[in-house]
Amino acid sequence: MLLKIENLTKNFGGVVALWQLDFEVRQGEILGLLGPNGSGKTTLFNVISGFFPPTAGSIFFEERDITGYKPHRIAQYGLVRTFQGTNLFKHRTVWENVLIAHHLMIRAGFLELLLNRSLARADEAAAEKHSQEILEYLNLTPVKRELAQNLPHGLQRALGVAIALAAEPRLLLLDEPLTGMNPEESRQFIELVRGLRDRGITLMIVEHDMKAIMGVSDRLVVINFGQKIAEGTPEEIQKNPKVIEAYLGSEVW
Amino acid sequence: MLKNRLGTLILFVATVLFPLISQDPFFLNILITTGIWAIAVWGVRLVMSTGQMTLGHAAYMAVGAYASSLLVMKAGLSFWLALPLSGLTAALVALMIGLPTLRIKGVYFSIITFAFAEIIRLIIINWPNFLGGSGGIPGIPSPEPLFSIPFTNRVAFYYLVLFISVITYSVMWAIEKSRIGKIFSAIHEGDDLAQSVGVNLMKYKLIAFCIGCFFAGLSGSIYAHYFNFASPEFFTIWQSVYCLLFVIVGGVGHVLGPLVGSFFMTLVPELLRKTKEYEPVVYALILILVMFLLPGGLISLPVRLKTKIFGR
Amino acid sequence: MTFAFFIQVLVNGLMLGVTYAVIASGFSLIYGIMRLLNFAHGDFYMLGAFATFLLCEKLGLDYFSSFLLSMILVALLGVIVYYIFFRPFRDEHDPSLVIALGVAMLIGGLAPLVFGTDDQSVAPVFSGVIRFLGATLSLERIFVIILAIGLMIALTLFIKFSKTGQAMRAVAQDQEAAALQGIGVNATFVTCMGISSALAGAAGSLLAPLFVVNPYIGTHAVLKALVVVVIGGLGSIPGAVAGGLLLGFVESIGNTFLGGITEILGFVIVMIVLIVKPQGLFGHA
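Residue numbers (my numbering), protein chains in the order written: chain X, 1 to 253; chain D, 1001 to 1312; chain L, 2001 to 2285.
FYI, nobody ran anything at the bench for these hints, they're computed from the structure.
Keep in mind that the hints are not guaranteed to be accurate.
Said to hold, decoys possible - Here are the simulated DSS-like pairs of lysine-lysine, each with C-alpha atoms no more than 27 Å apart in a straight line:
1. X:K239 x X:K228
2. L:K2277 x D:K1203
3. X:K90 x D:K1203
Claimed, not checked - Stretches of chain D that chain L covers, calculated by requiring three or more beta carbons in the stretch to come under 8 Å of a beta carbon on chain L:
4. 1099-1106
5. 1118-1128
6. 1182-1190
To be verified - Output of the computed footprint for chain D on chain L, the stretches with three or more beta carbons under 8 Å from beta carbons of chain D:
7. 2084-2096
8. 2162-2174
9. 2249-2263
10. 2269-2279
By construction, the Cβ of each residue, glycine as well, lies at the ideal position given by its N, Cα and C atoms.
Build out the structure end to end from the sequences listed, making use of the hints.
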């Protein structure tokens, strides 16, 4: 049990975005988080990754209570998220984007950072090696020298994952990765996700494109109006009357 | 790369040798004033490098100036001790203000910075007994002799300012080249993204802010002991705006930008032989021209000209 | 401290408050619709005062015509400033801020050269007093209050009910969506600039007979506007009104009893509001 959400609640002023959510993400699985638009998926993401503090409830990651932790700390513990929009260093190349992500994952002290010489050289070599590996793995090497903002959508999403991978996550949260992708790009991305799981990274994917996520998830959690309405395998979810009702009228079904 | 190093070295040598060529008080004064501004403006650039646009830098110059004056005149300290202490005082104030405010971004942060600058200025004005009030603190002594070199003449001051400027530049250059500099620019370019891979935003923004304000404090201290006078008139919002202006005119993107900007903006009003009255208009026009025609600042001029003449 | 005196302090606070509201609403309008912190706003206030001075005292025009003409002239200037300086940087956040500062410096720097640095004054329209609850109140101040309230009502009605006003609100909410709906964003910005500058000029014109007129009153005005909109909420007109009145009363009472500390208080409140609740009283995030 890698991630455990207990009784998670989030209010914004008078609006209840999340209400008493309970679920867990198991080591090595791909968990899909589904819900129609406005169901609170992105808020949940932001709360789990520390960008918003929860109003009530707890979050446990690897047995550690991370409730209320700041985003950078959660990332340092191995829980890394991607972003819905294209959150990249737009004016840098693909290579620079991934490399700088390594530079940012520093545990060294201030003076070390300022004066580092030989430490830097060894670190830099390791960072470059790791960046190269990540780019190769995600098939981004051909566009290594391209500016991030010039990439097509699908590759920008892949770059977002590449940056997250630099942080060596044990749990990777993907925030609506398929939005704006054509079917071919989606297919490739799903393959990528499978590959990541095979390499030992647990994944939680927030999506509202049902079909794609059904195919790749081991389990699913469905939320609506900030509450959990169903949890189970894709087969169970597909037959769940509450889920069908929530998505009624929606094209994706 | 080599050209840059060579260029900087030439610049350095030239500045060191300058007083041997000319000891004209007019030119020396320009260079000293340039240095005083540059030290503070380098600080502004550092703060801006984390994406926080500060419109209240003069507050920290004021803290430095007044701390220094009081330490020397009331506590009897030597200027040489008061100088670094003023910087530290400014940095300490920056720490206290930065903690609650650096998590705020954009225009809200800018407004906070100059609200604080106004508060500092109004505190000074409303405290005539201890802080001299709107009349200021007159008769601030020049620095005591160091290694039996007197500091009552301009040449000595010139070397003092040069020395501190070189230190400031070196610190800024070192930060830029180091990992911490990369962290700063990552924060500037995408702080959500930086956080998501483990960057502690508050910590690094505070570091940039405190160091930047430290140098503002140093600048204020030197200012006070050079002009032998400190007054809240010197630390209004417009001084903060000038700090911003100078770095933009010089070129935000380059570590020598603050120096170029400070020099140009100190020189031009003098060259035009205009009185202080024309200063805001001249500065505004230069700023507007730079924003429209040369957004990279003056330091981008050589490259732009080269491209225009030789093509790319 | 007599009751009569207290009434006078209150009325003074009301007068300051509504004029602050007028200045601040213009400022807030620009921020809400154009996402621009128009530092030159104070200069428009100052130019409104000077225009009224020149028209009234130098050209001998009557006050009301001067008032209207000043508003129109400043509005025109606002539009010109928009086209020359603001429009090119419309979509860039930091550069807009810088260019606004530049324009503020330019106009603020030219004014002493053009108008001279001496204090000027404009003759009040009404020279009498009335007695109210034992207090002696100058008719001129009452007049300013009434006119300022009138301006605010006109502004509110305009924004609520006119087509342009609705366009402005749409652009303020979501510029892209408004553009997709066919709303001319540029035209909206121009109107916004014009109205905002007119309001600033009107405030300057209103206060010209009561306070000194010199080239430096602009900085003071824009600082006040900033305090008001922070308290009331950047982008909110009701906020500008609430904040303006609040500041007006606080200042009137504060200046009477506390003296110089009052100004510091204003800025301390600004900092606290921005740290605790940046949207202010009525603002949207």
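Hint check:
1. X:K239 x X:K228: holds (16 Å)
2. L:K2277 x D:K1203: This hinted pair holds, its Cα atoms lying about 22 Å apart.
3. X:K90 x D:K1203: holds (24 Å)
4. 1099-1106: With 4 residues close enough to chain L, the hint holds.
5. 1118-1128: holds (count 6)
6. 1182-1190: Contact hint for the segment 1182-1190 of chain D vs chain L: violated, 0 residues under 8 Å.
7. 2084-2096: Per the Cβ count (6), the hint holds.
8. 2162-2174: violated (count 0)
9. 2249-2263: holds (count 3)
10. 2269-2279: holds (count 5)
Hint check: violations occur at hints 6, 8; the rest are consistent with the structure.
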